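K.L.:
This is what each chain is made of:
Protein chains: 2
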Amino acid sequence: MTERRVRGAGANFAAQIAACKARIEGVLEALLALPDPGSERLRAAIRYSVLGAGKRLRPTLVYLTGESLGAPLERLDTPAASVELIHVYSLVHDDLPAMDDDDLRRGRPTCHRAFDEGTAVLVGDALQALGFAVLADGPMSGTPAETRLEMIRLLARATGTAGMAGGQAVDLAAVGQTLTVAEIENMHRRKTGALIECSVLLGALAAGVTGGRELAALRRFGAEIGLAFQIQDDILDVAGDPALLGKATGADAAHLKPTYPSAAGLTAARQRAAELHDAAIAALEPLGGRAATLAGLADFVVNRAS
Amino acid sequence: MTERRVRGAGANFAAQIAACKARIEGVLEALLALPDPGSERLRAAIRYSVLGAGKRLRPTLVYLTGESLGAPLERLDTPAASVELIHVYSLVHDDLPAMDDDDLRRGRPTCHRAFDEGTAVLVGDALQALGFAVLADGPMSGTPAETRLEMIRLLARATGTAGMAGGQAVDLAAVGQTLTVAEIENMHRRKTGALIECSVLLGALAAGVTGGRELAALRRFGAEIGLAFQIQDDILDVAGDPALLGKATGADAAHLKPTYPSAAGLTAARQRAAELHDAAIAALEPLGGRAATLAGLADFVVNRAS
Chain A
1 MTERRVRGAG ANFAAQIAAC KARIEGVLEA LLALPDPGSE RLRAAIRYSV
51 LGAGKRLRPT LVYLTGESLG APLERLDTPA ASVELIHVYS LVHDDLPAMD
101 DDDLRRGRPT CHRAFDEGTA VLVGDALQAL GFAVLADGPM SGTPAETRLE
151 MIRLLARATG TAGMAGGQAV DLAAVGQTLT VAEIENMHRR KTGALIECSV
201 LLGALAAGVT GGRELAALRR FGAEIGLAFQ IQDDILDVAG DPALLGKATG
251 ADAAHLKPTY PSAAGLTAAR QRAAELHDAA IAALEPLGGR AATLAGLADF
301 VVNRAS
Chain B
1 MTERRVRGAG ANFAAQIAAC KARIEGVLEA LLALPDPGSE RLRAAIRYSV
51 LGAGKRLRPT LVYLTGESLG APLERLDTPA ASVELIHVYS LVHDDLPAMD
101 DDDLRRGRPT CHRAFDEGTA VLVGDALQAL GFAVLADGPM SGTPAETRLE
151 MIRLLARATG TAGMAGGQAV DLAAVGQTLT VAEIENMHRR KTGALIECSV
201 LLGALAAGVT GGRELAALRR FGAEIGLAFQ IQDDILDVAG DPALLGKATG
251 ADAAHLKPTY PSAAGLTAAR QRAAELHDAA IAALEPLGGR AATLAGLADF
301 VVNRAS
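So the sequences go chain by chain: A and B.
So for the first sequence, this note's numbering puts the first residue at 1; every next one is plus one.
So for the second sequence, this note's numbering puts the first residue at 1; every next one is plus one.
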């Protein structure tokens, strides 16, 4: 079954990522299609924030991990949607004036600029609830209740103080400060890495890999590419091509945000990303031939230019 | 078993409510005791917002419903904590400058005044995640995974666009507008009623009542007292005693918020609250003798002066 599904890293890899992206767009569109006569503005702001833009890295990780391990695609739609909903909620709240105060996101006005600040708070709040709701409720053919619960546990941990919310708090407190490399890694692992790691694990759980050596390997893989992804983000903000990124560079420095390159230098940052990439690939060893697609994804995360 | 636990409405009722309150304080304190070296400020703001104040109505509903149906108290701590964490998150976000812009809550500076606005956004975000995390993870002796999942489904529905977040969006949009009584009831049922109804249902589920006539009765009971509670809140804001309330009255009018009394008059509001109280008691009929404590709680909700 994995032979049929997974084409491996190579010429088709970009097509595979594009297919994941197209699939999650459809899933999210269907999820958010219901009208809400009581709060049309909130519904419009939710659709504006979720649909039509974004790399969809986290759902892609769910799909590619799950597929690599033999899960049918239909069973991956729900966990893929849940991580993207949580991710979008965090973007909407991070953009708020009291947080990063960003006017643009994915080339469009941020939610609080397109709508208003109160609505943006509610969009994030509602999306977080929806992220948990779909895991508890959404179609996930044949997945035992205990596995769904474990998914919810992982998602809640990745979202809360131990993960995203805690990492964002460190980030807020770090503005204008000098952080050590270790402190920056801790912040990145919580703020960005935790949900990326969770995405890999949800894909594995949906495929029935609920423990043991393979799950531990995937956890390690997810943690390493999660940190690598954020370091690459930091690098692109210093040395990326604005035309490819679709946004101006230098935002971190303008916001006085400590980053990996600001603490360790650009060369060390590139070296650390490569090191994490290699550690991620090495972690996949217990998966044997089923690791090809995920290895390709690790390359993609570190080599991306946008 | 219910004979031993439930003392019924009467002289002991206030003591019973006080016992629930004391119990949930201990449960919440234990939940939030862990240090967090990475984000001490967030942790302090979470503890400030959750601990030491509040009526604790929602956990009390979980305890009293569960106890009435024979659940051991230890099994109710986790669902009781989950609804209070969600409730506190909603208060912290509702108080934000972009929402109700309140400086005082429970007689103390609101979270964003005591800390800062970004931290208050994160406190709400983290508490929402924690509310789901405890239901997925917390001790709940002998509760099947499927029942926990159903609890999470109910909590997510009560929290999201169909419930609290949607109701708050209607509330935001309603400032300065004239709403019909039906529109106000819809807003109140979502913003306040949904989580109160959910609290009753979680208590029932923890007691093993997972469907059928009794659960339907409790759902109806919860919905009626949920709306009654908010109408009584509206009434107290117009006609309450500031000394008993511990806060100034007239806040709704000052915020240009449509309320039940502003739409229908104070007399009609009192009549509607009494009607809902009676409907709530009537709904309890299938529970027979086990309804005594819950009936007492309905009295308490409508007759309260603070």
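It should be emphasised that the hints constitute simulated quantities derived from the structure, not laboratory data.
Please read these numbers as outputs of a predicted model, since none were measured by experiment.
By construction, the Cβ of each residue, glycine as well, lies at the ideal position given by its N, Cα and C atoms.
It cannot be assumed that every hint is accurate.
[Stated by the list, open to error] Pairwise CB distance ranges (calculated):
| no. | chain 1 | residue 1 | chain 2 | residue 2 | range |
| --- | --- | --- | --- | --- | --- |
| 1 | B | T180 | A | L256 | 43 to 53 angstroms |
| 2 | B | G211 | A | T180 | 26 to 36 angstroms |
| 3 | B | T178 | A | G138 | 49 to 59 angstroms |
| 4 | A | K21 | B | A282 | 23 to 33 angstroms |
| 5 | A | L34 | B | E183 | 52 to 62 angstroms |
| 6 | A | V238 | B | R304 | 53 to 63 angstroms |
| 7 | B | A33 | A | T178 | 39 to 49 angstroms |
| 8 | B | E183 | A | E275 | 57 to 67 angstroms |
| 9 | A | L51 | B | H255 | 29 to 39 angstroms |
| 10 | A | P144 | B | N303 | 43 to 53 angstroms |
| 11 | B | P72 | A | E275 | 27 to 37 angstroms |
| 12 | A | L104 | B | R41 | 39 to 49 angstroms |
| 13 | A | P72 | B | E29 | 41 to 51 angstroms |
K.L.:
Does each hint fit the structure? Answer for all of them.
P.N.:
Do the hints match the structure? See the list:
1. B/T180 x A/L256: 43 to 53 angstroms: holds (50 angstroms)
2. B/G211 x A/T180: 26 to 36 angstroms: violated (55 angstroms)
3. B/T178 x A/G138: 49 to 59 angstroms: For A/G138 against B/T178, whose Cβ atoms are near 39 angstroms apart, the range 49 to 59 angstroms is violated.
4. A/K21 x B/A282: 23 to 33 angstroms: violated (53 angstroms)
5. A/L34 x B/E183: 52 to 62 angstroms: Violated, at about 20 angstroms.
6. A/V238 x B/R304: 53 to 63 angstroms: holds (59 angstroms)
7. B/A33 x A/T178: 39 to 49 angstroms: violated (31 angstroms)
8. B/E183 x A/E275: 57 to 67 angstroms: holds (59 angstroms)
9. A/L51 x B/H255: 29 to 39 angstroms: Distance hint for A/L51, B/H255 holds at roughly 33 angstroms.
10. A/P144 x B/N303: 43 to 53 angstroms: holds (47 angstroms)
11. B/P72 x A/E275: 27 to 37 angstroms: violated (52 angstroms)
12. A/L104 x B/R41: 39 to 49 angstroms: violated (28 angstroms)
13. A/P72 x B/E29: 41 to 51 angstroms: Holds, at about 45 angstroms.
Hint check: violations occur at hints 2, 3, 4, 5, 7, 11 and 12; the rest are consistent with the structure.
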